[in-house]
Amino acid sequence: MMAPAKRSLVMSARAGRLQRLGATAARALLLAVTLVSVLAVLFIFYFVFRDAFPFFRLRGFAEFFGSTRWYPSNAQPEFGAAAIFFGSALVTLGAAIVAMPLGITAAVCLSDILPFTARQWAKPMIEILAAVPSVAYGFIAMVVVAPLLQAHGGALIAAGVWMVGVPVAGLLVVVASDLLSRGTVSARRGGAQVRFALMLGCMAIAGLYLLAKKASGLVVPSGTNAFNVAVMLGIMALPTVVSVAEDALQAVGRDLREGSYALGATRAETMLRVVLPAAASGVTAAVILGIMRAVGETMVVWMASGNAAQIPHPWYNMLMPVRTLTATIAGDMGEADHVTGSARYHVLFAMALSLLAVSFLCNFVSERLMWRARRKLGA
Amino acid sequence: MSIHLRTRHLLDRSFTGVGIVSIALLAASVLLLLAPVVVRGIGAFVFVGTVEHRKVQLDRFGHGDRAAVQAEAAKAALARTPAYTAVASFETWLATNSFAVQQQYRAEFKEVRAALCDLLGPMPDKPMPALVRLQYGQTRGDRVQVVLRDLLYREEWDYSDPTRMGTKKLVPRAPAFAGTPLAGLFPCVEQHIDAMLLPRRTFYWQFLTDGSVDAHFFGGIMPELLGTFYLTLGAMLFAIPIGVLSAVYLSEYAREGRVVRLIRTCMSTLAGVPSIVFGLFGLACFINTLHVSPSKSVLAGSLTLGLLVLPTVIRAAEEAIKSVPQTYREAALSLGAGKWHTTATVVLPSALPGILTGIVISMGRAAGETAPIIFTAAVSVGRPLRLWEVFSQPTPALPWNIYNLCTEHVAVDEIRHVQYGMLLVLVALVLALNLAAILVRARIARSLKT
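Protein sequences appear in the order of chains A and E. Per the numbering used here, the first sequence starts with residue 1, numbered consecutively. Per the numbering used here, the second sequence starts with residue 1001, numbered consecutively.
Simulated from the structure, these hints should not be mistaken for lab results. Treat the hints with care, since some could be wrong.
Once the Cα atoms are required to be at most 25 angstroms apart in a straight line, the calculated DSS-like pairs of lysine-lysine come out as [stated by the list, open to error]: (1) E:K1322 to E:K1339; (2) E:K1110 to E:K1168; (3) E:K1322 to A:K123; (4) E:K1110 to E:K1126; (5) A:K376 to E:K1322; (6) E:K1126 to E:K1168.
Per the computed footprint, the stretches of chain E lying under chain A, defined by three or more beta-carbons under 8 angstroms from a beta-carbon of chain A, are [to be verified]: (7) 1056-1064; (8) 1259-1269; (9) 1279-1287.
Label-pair ranges, simulated between beta-carbon atoms [what the hints assert, rightly or not]: (10) A:P77 to E:L1262: 24 to 32 angstroms; (11) E:E1389 to A:G60: 44 to 52 angstroms; (12) E:G1338 to A:A89: 52 to 60 angstroms; (13) A:W315 to E:R1164: 26 to 34 angstroms; (14) E:G1338 to A:L42: 30 to 38 angstroms; (15) A:G341 to E:A1428: 39 to 47 angstroms; (16) E:R1261 to A:F61: 30 to 38 angstroms.
All values reported here derive from a predicted model rather than from experimental measurement. Ideal placement from N, C-alpha and C gives every residue a C-beta, glycine not left out.
Could you put the whole structure together from the sequences, leaning on the hints where they help?
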């Protein structure tokens, strides 16, 4: 037999009130703690706005966005940041060119092509790329890649032309010869296709040879340039692109894929014409997130972009040094902090405001795209 | 217009090939990144060390057997006497000669003597230089080769071909001094360099525990390692309580509504802010407005880094808490536990492995970030901080000092091994933390499967 309970099994009114008070207090405390991150964001925006505003009041908008003369330490300082904005845009474009095809193909391969064991090896590799600190990327870009580019830049670019050109040309030749031999009689189609393929193949190889020869004649004046930084930023943005794109591709589900296979499509056609369009919003969000990472990166560009505040001579010449917003902020703040209150200090906050605006915009657009993807796939 | 079936299969196979090539390119970029770091970083720990290295270790850090090192130093000094006598007799010969002869040899002799002092240390009869870096000769075998080449050869540029850039040529110095007392110096040094410097394979594990002497010319990286440790610990001390409590609120208590949507938007905005803007915010808010410390300090840097990793911690903790089965909560509630009691005793312990994974990955991120600490906590030269100085003193830190040593140091090429060593330690630290997180996650997956 159990001993009689020492406490009453029914809570007294006072105890009940206390417990409810305790629960409300706990909930309020948790809400307060959660609001710390909200406060943090608000304060970040407030401080950056507050310190960016004086610059625009002192110097206006036209010079900052329109002029390319950046001389903050002159006796008559000039704060034309157009070349710096262009530098940021150029390296981001380069990073997107590197990360987008590579990232999307890697995501497609990871989600549909690789067998399970290979996937177990590939995923840690991508996590390693994501985990390595940015200063390591910058160091390798500056100490290993830059001297290599400067000494053998032309040869490396020529090798790249061959590496990319041969598979692409091969594919195009095969498809084109197939389409061209449509017209001939069925019995002689094979021979006609081979003839067309040989002819087109010779033309393709001749074209590639000329392009590679022109590339190997390139002289790289400085190994620290926009090309170096664009490649490194592309590699840094890859893990983001691959993981978010892979999630988007997985979210498409098996039904669409199986329906496409049932209609006789090959795997390539399924991926390219059914799955990728279905996952388009998610994949676009992945690319935008990768670009956001590239825009906000500081150490790699500070160490390896050459830090020359100029627009390269033909605007697409990525073998010239450029300067980005992040590198300017990081590099100039040390001296600018001694003249707190001057235009030189506030212009850096103006640049930070631009960066904040771009990253907020990218975040917003990618969130909307992912929301749209979830809604479309009926989550 | 339809494509032939054979071509479609070919395209399919080449699509597979393109996918494999992209994964291979990913692997190649990982290799490009890690191979130099590992190979040359190990060179900071395992290298060919000379008697000068052992002298520095004894004088400055107290490592090594005093008697043995002094015996070696004496042996090396004995081997060097022919070189020093050659230099001394050349000096007296030059002084007794005409001004024209002195003009002919003076510039090159200055270079030769500088290279010799660089190689073997200050001359025995001259006063000891003030800078520590000049008080010893070369400590590492690879640098010995470089300086020896500088001693034996002169760099000349050949501009004869107008269509190409100038080419560098190495011209031996010995013929310029033929017939003078210095002529014997060059073959003597070249042949007896091993006896003069007594190279030996060294394992310098104290690289991790020694402070640096004279701006990293000698010694190790302990202040930077300690600074990174303080900063990471401080960042997690701020991020973990706030992050876990926020995740608990968002997953257990919050009702989906406008407030929660606003909170989530703010959190994803915070996750997207560039790291340099965090640094500026830390400078403008924590140091210039709130005055948490008179100027840069570890406290301000930890606050900034904590804010940086907060979204990651919240996201990981929220996912972990959401993945706890609802049956656990219902069972606890049915036994009479209140909501907070359930969360604290049932939900959080079950979600602990997932939360730990997120925490460990954030630690790796906080340890490797540079931009937030440039203006708030990092200095280039400093001594290891004691615990109470953390609130007011700045500190050297691994990522900042890697940048500083390879761009703003006076002798960047001479301390390459220190840069690579720091890089190896940082990358190894971050990858070890990530490996720990992966292992924890694998253990969760295994326990969830059973």
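These are the hints, each one checked on the structure:
Between the alpha carbons of K1322 (chain E) and K1339 (chain E) the distance comes to roughly 15 angstroms, so the proposed pair stays at or under 25 angstroms and holds. Of the pairs offered as hints, the one joining K1110 (chain E) and K1168 (chain E) holds, with about 22 angstroms between alpha carbons and a cut-off of 25 angstroms not exceeded. Distance restraint check for K1322 (chain E) and K123 (chain A): the Cα-Cα separation of roughly 24 angstroms lies within the 25 angstroms cut-off, and the hinted pair is therefore satisfied. A C-alpha spacing of about 15 angstroms is found between K1110 (chain E) and K1126 (chain E), which places the hinted pair at or below 25 angstroms, so the restraint holds.
The hinted pair formed by K376 (chain A) and K1322 (chain E) meets the criterion: a straight-line CA distance of about 24 angstroms does not exceed 25 angstroms. Restraint check: the Cα-Cα separation between K1126 (chain E) and K1168 (chain E) comes to about 34 angstroms, which exceeds 25 angstroms; the hinted pair is violated. Restraint check on the region 1056-1064 of chain E versus chain A: 0 residues with Cβ-Cβ distances below 8 angstroms, three needed, restraint violated. Note: the region 1259-1269 of chain E has 7 residues with beta-carbon separation from chain A under 8 angstroms; the three-residue rule is met and the coverage holds.
With 6 residues having a Cβ less than 8 angstroms from any Cβ of chain A, the region 1279-1287 of chain E passes the three-residue criterion, so the hint holds. For the pair P77 (chain A) and L1262 (chain E), the supplied restraint of 24 to 32 angstroms is violated, since their beta-carbon distance comes to about 41 angstroms. In this structure the hint that E1389 (chain E) and G60 (chain A) lie 44 to 52 angstroms apart at CB holds, the actual value being about 45 angstroms. In this structure the hint that G1338 (chain E) and A89 (chain A) lie 52 to 60 angstroms apart at CB holds, the actual value being about 56 angstroms.
The beta-carbon spacing between W315 (chain A) and R1164 (chain E), approximately 29 angstroms, falls within the hinted interval of 26 to 34 angstroms. Under the hint 30 to 38 angstroms, the C-beta atoms of G1338 (chain E) and L42 (chain A), about 33 angstroms apart, fit the expected range. Checked against the hint of 39 to 47 angstroms, the pair G341 (chain A) and A1428 (chain E) passes, with Cβ atoms roughly 44 angstroms apart. Take R1261 (chain E) and F61 (chain A): their Cβ atoms lie about 33 angstroms apart, and the range 30 to 38 angstroms holds.
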